[in-house]
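Relying on the hints, combine the two individually framed chains into one complex.
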Amino acid sequence: GENVEQHPSTLSVQEGDSAVIKCTYSDSASNYFPWYKQELGKGPQLIIDIRSNVGEKKDQRIAVTLNKTAKHFSLHITETQPEDSAVYFCAASITNTGNQFYFGTGTSLTVIP
Amino acid sequence: DVKVTQSSRYLVKRTGEKVFLECVQDMDHENMFWYRQDPGLGLRLIYFSYDVKMKEKGDIPEGYSVSREKKERFSLILESASTNQTSMYLCASSLGTGQGYTFGSGTRLTVV
Numbered sequence: 084g085e086n087v088e089q090h091p092s093t094l095s096v097q098e099g100d101s102a103v104i105k106c107t108y109s110d111s112a113s114n115y116f117p118w119y120k121q122e123l124g125k126g127p128q129l130i131i132d133i134r135s136n137v138g139e140k141k142d143q144r145i146a147v148t149l150n151k152t153a154k155h156f157s158l159h160i161t162e163t164q165p166e167d168s169a170v171y172f173c174a175a176s177i178t179n180t181g182n183q184f185y186f187g188t189g190t191s192l193t194v195i196p
Numbered sequence: 007d008v009k010v011t012q013s014s015r016y017l018v019k020r021t022g023e024k025v026f027l028e029c030v031q032d033m034d035h036e037n038m039f040w041y042r043q044d045p046g047l048g049l050r051l052i053y054f055s056y057d058v059k060m061k062e063k064g065d066i067p068e069g070y071s072v073s074r075e076k077k078e079r080f081s082l083i084l085e086s087a088s089t090n091q092t093s094m095y096l097c098a099s100s101l102g103t104g105q106g107y108t109f110g111s112g113t114r115l116t117v118v
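Going down the list, the protein sequences come from chains A and B.
Our numbering applies: residue 84 is where the first sequence begins, and numbers increase by one.
Our numbering applies: residue 7 is where the second sequence begins, and numbers increase by one.
Simulated from the structure, these hints should not be mistaken for lab results.
Quick caveat: nothing in here was measured; it's all calculated off a predicted structure.
A few of these clues could be false.
As a list, the in silico DSSO-like pairs of lysine-lysine whose alpha-carbon atoms are at most 27 Å apart [stated by the list, open to error]: (1) Lys77(B) / Lys125(A); (2) Lys24(B) / Lys125(A); (3) Lys125(A) / Lys76(B); (4) Lys125(A) / Lys61(B); (5) Lys141(A) / Lys151(A); (6) Lys125(A) / Lys19(B).
Far from chain B by the CB rule (all over 12 Å, computed), these chain A residues [said to hold, decoys possible]: (7) Asp132; (8) Ala146; (9) Pro165.
Simulated DEER-style distance windows between Cβ atoms [what the hints assert, rightly or not]: (10) Asn90(B) / Gly124(A): 35 to 43 Å; (11) Lys76(B) / Asp100(A): 42 to 50 Å; (12) Asp100(A) / Pro67(B): 37 to 45 Å; (13) Asn90(B) / Lys125(A): 18 to 26 Å.
Just so it is clear, CB atoms sit at the ideal spot from N, CA and C, and this is done for glycine as well.
Isolated chain B (complex conformation) (with noise of 0.2 Å):
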């Protein structure tokens, strides 16, 4: 079975913090994503990458950013956290397109 690990699954951070979110999938899987989650809106894409060094920005990507240094893992970073961003922070993984995404547990993050 893929595994997606996530390095967290609480975080409580100080406004103005730089936060690093972290995710790692274990199976050579290409593509990888990050969404929020927030209660009545679902999940939305915040950064995703189908490739090494490669970014893209989903639907939300304003005050994120993301790092993918290697294959397996791909990381999320709140530049300077703000109360908004509390929120759960799933990662996923893909084979390719037209493939189900694997999640992780999830990164439950509250900033103060």
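So here's chain A without its partners, still in its complex pose (with noise of 0.2 Å):
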């Protein structure tokens, strides 16, 4: 099956520098790739995603791009605010055999104001 890593682990950024977090993925025929924002206490929450036939994607502060040739995704956070303290999973998906996500372990994100 797919298998997803992310790096790194744990990351620290001083209040308003960017924040980067890489995924790759193993099964070039995973097509969707959505981050989750997890903070202390509460379940993921989807953030943003992306499709295979897309190679960037951008919401305000956080945009997302995608290698399929590398297959490897990356999320970019920018002017990063405390309140983006929290742990970040990435997965991907093939949609054309089912609903399944594969997580990536996650990167713990610190903030310091």
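Okay, here's the thing in structure tokens:
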């Protein structure tokens, strides 16, 4: 099955700096890539997603890029704020075989005020 | 907003007990999922269901079973709880293929 690797496992940045989290996937058939944010004591929440027919997607301070050839995708957060501190998960899915997501192991982001 | 409700935030059970974790969603979603979350391992799929009465094994189904008698409710059953099933359990639902999941807040289960 699909294998998703995520790096780094922990990341600390100063408030206002950018943060980048990277994921790689193994199955070239994967075509849907969501990102989730999990705050302490809560379930993961979808923050942005990208499909394989798109190379980049932005939503305010958050952007995701996808390189299908290299089989990797990245989350970029600009102008980080303390409320961005959370655990972030990437995932990959092969939509024509079902709705299963394969998750990375998570990145704990700390934004230092 | 879709809401996925897990009946318990914290549970403490004894080894050998039969444990039921309940999950209800209120937006008529077809697909429902149970994951467990452990530090360093991320989210691992236990079971999923694409329709009432339907269930499929995920990556780590051993020691678990599920029930989906109604579309909105998906229950995870630990037939005989063991200490290695101490974990955070997350339920999720989605409208369909290629759609993001909505997660519940999780149930932190401790088996002693």
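Against the structure, the hints come out as follows:
1. Lys77(B) / Lys125(A): holds, 24 Å
2. Lys24(B) / Lys125(A): Holds - the C-alpha atoms of lysine 125(A) and lysine 24(B) are around 26 Å apart, at most 27 Å.
3. Lys125(A) / Lys76(B): Judged against 27 Å, a Cα distance of about 25 Å means the pair holds.
4. Lys125(A) / Lys61(B): With Cα atoms ~26 Å apart, lysine 125(A) and lysine 61(B) stay inside 27 Å; holds.
5. Lys141(A) / Lys151(A): OK: lysine 141(A) and lysine 151(A) at ~18 Å, within 27 Å.
6. Lys125(A) / Lys19(B): holds, 22 Å
7. Asp132: violated, 6 Å
8. Ala146: Alanine 146(A) is indeed farther than 12 Å from all Cβ atoms of chain B, at 17 Å.
9. Pro165: Fine: 22 Å to the nearest Cβ keeps proline 165(A) off the interface.
10. Asn90(B) / Gly124(A): 35 to 43 Å: violated, 23 Å
11. Lys76(B) / Asp100(A): 42 to 50 Å: holds, 48 Å
12. Asp100(A) / Pro67(B): 37 to 45 Å: Holds: the Cβ-Cβ distance is about 42 Å, inside 37 to 45 Å.
13. Asn90(B) / Lys125(A): 18 to 26 Å: holds, 25 Å
Consistency with the previously given hints fails for numbers 7, 10, ordered from lowest to highest.
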